[in-house]
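For reference, the chains in residue letters:
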Amino acid sequence: MMPLATVKWGLLVLLVLVSPLGCGGKTKTRPPEDEKLPTSAVAEMQMGGSVIRVADPEGKWRFEARSERIEAEGVDGPYRLHPAECRYEEKGLPPVLMRSESARLDKGAQRVLLTGKVRISYETWSLDAERVEYDLKGGKVVASGQTKLTYGEGKLERPSSGSKGQGQ
Amino acid sequence: MRRILALLAFVGMASGALAGPATAGQAPSASASFRRGTIEAESCEGLPQGPWEWSKEVKVTSSDLTMTCDWLKVWPTKDGRDWEKIEATGKISINGRYVAADKTEWRVEGKAEAASYDAKTGQGVLKGSVDFKATNLATGATIHVVADKLIYDVKTRQFRFERGEKPVRVEWAQPAEKVTSPVATGQAEAGPSGPRGDPSGSQSGKGEAGK
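If you read the sequences in order, they're chains U and R. Be aware that the first sequence starts at 982, since it is given in the working numbering, and climbs by one per residue. Be aware that the second sequence starts at 7, since it is given in the working numbering, and climbs by one per residue.
Because the hints were derived from the structure by calculation, they are not lab data. Quick caveat: nothing in here was measured; it's all calculated off a predicted structure.
Here are the simulated lysine-lysine pairs, BS3-like style, with alpha carbons at most 27 Å apart:
| id | chain 1 | residue 1 | chain 2 | residue 2 |
| --- | --- | --- | --- | --- |
| 1 | R | K161 | R | K117 |
| 2 | U | K1121 | R | K79 |
| 3 | R | K91 | U | K1129 |
Quick list of the computed label-pair ranges, beta carbon to beta carbon:
| id | chain 1 | residue 1 | chain 2 | residue 2 | range |
| --- | --- | --- | --- | --- | --- |
| 4 | U | R1050 | R | E111 | 52 to 58 Å |
| 5 | U | E1054 | R | P57 | 33 to 39 Å |
| 6 | R | K126 | U | R1080 | 35 to 41 Å |
| 7 | U | D1116 | R | D108 | 44 to 50 Å |
| 8 | R | D137 | U | S1031 | 53 to 59 Å |
The C-beta atom is built at its ideal place from N, Cα and C for all residues, glycine as well.
Isolated chain U, as found in the complex (with noise of 0.2 Å):
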């Protein structure tokens, strides 16, 4: 006859053994990725590794924000990134590129404030400050902290024709 302590050590390497591969997984199983997800009034998230996604649910734009080290308040953000590189971009527009020591994400008020060293660049021009906040649902930023913009350099990357029609 077996210990009792030989049982227990067997059942738990067991355990971590399966637990991988997917036991206990029938009851609540993912929905597959092109299954639609009730649209809510918010943006759809998803957080995946060092990256997080926010997109209108109607199309309009959507941002990308990725960092080495992200933390989460709760299930729903805010989110915390050291540091933080981001993409947001609106249909029919260049995208718009940010750089910050930090950023703070909102899901709910669908907002980012970016802060440290931040610079955002669009097509010409760059805007340097200590504190930028973003509205991603209306794209406008609001800059603070000795800001400057520097314009007439970079390139011009406008959209093919083909994408025109949003965000004018």
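Could you slot chain R onto chain U? The hints should help.
Structure of chain R alone, referenced to chain U:
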């Protein structure tokens, strides 16, 4: 008199540079008006494609000219290459070096309460206690204009000074020889042909031109 008008024309050109980069004494064209520069301020806000608004200690640096003001708003053109409209208010000051169309170099100092530029009308305007000084760096010739309003028309390449009911005051001087010039009369308006060559006779004086 021609030299005086040429100097006045230069002032108009310089103010055009203040009101809008696209009006800096050049006919607007896509390539020529694509400028480089910086705008610094305590705060700013806007959409990526514009318009943009700056407030508190605004400083615009473009080429050799620097403008400071309390508030500035710009509307870029759709292609982002130029300004469609510009408005500035509060303690406007412009300083720097300006190279005229004939490559004559000038040092300029200007003050006003408001400035604007509209590409549709093709006009750059300085308003409110306009005080403008320009010095030819080669000859030392100077001109000083005091007015309530300065309008520079990009299309006609003409400028106009206004001072409400009062006459516009113009002072000019050239260092070599001092000859009092006749008082200017009528509306101060001329095409910005710019100062040409070295004047044969130096002069100085004051003029007041009514509307």
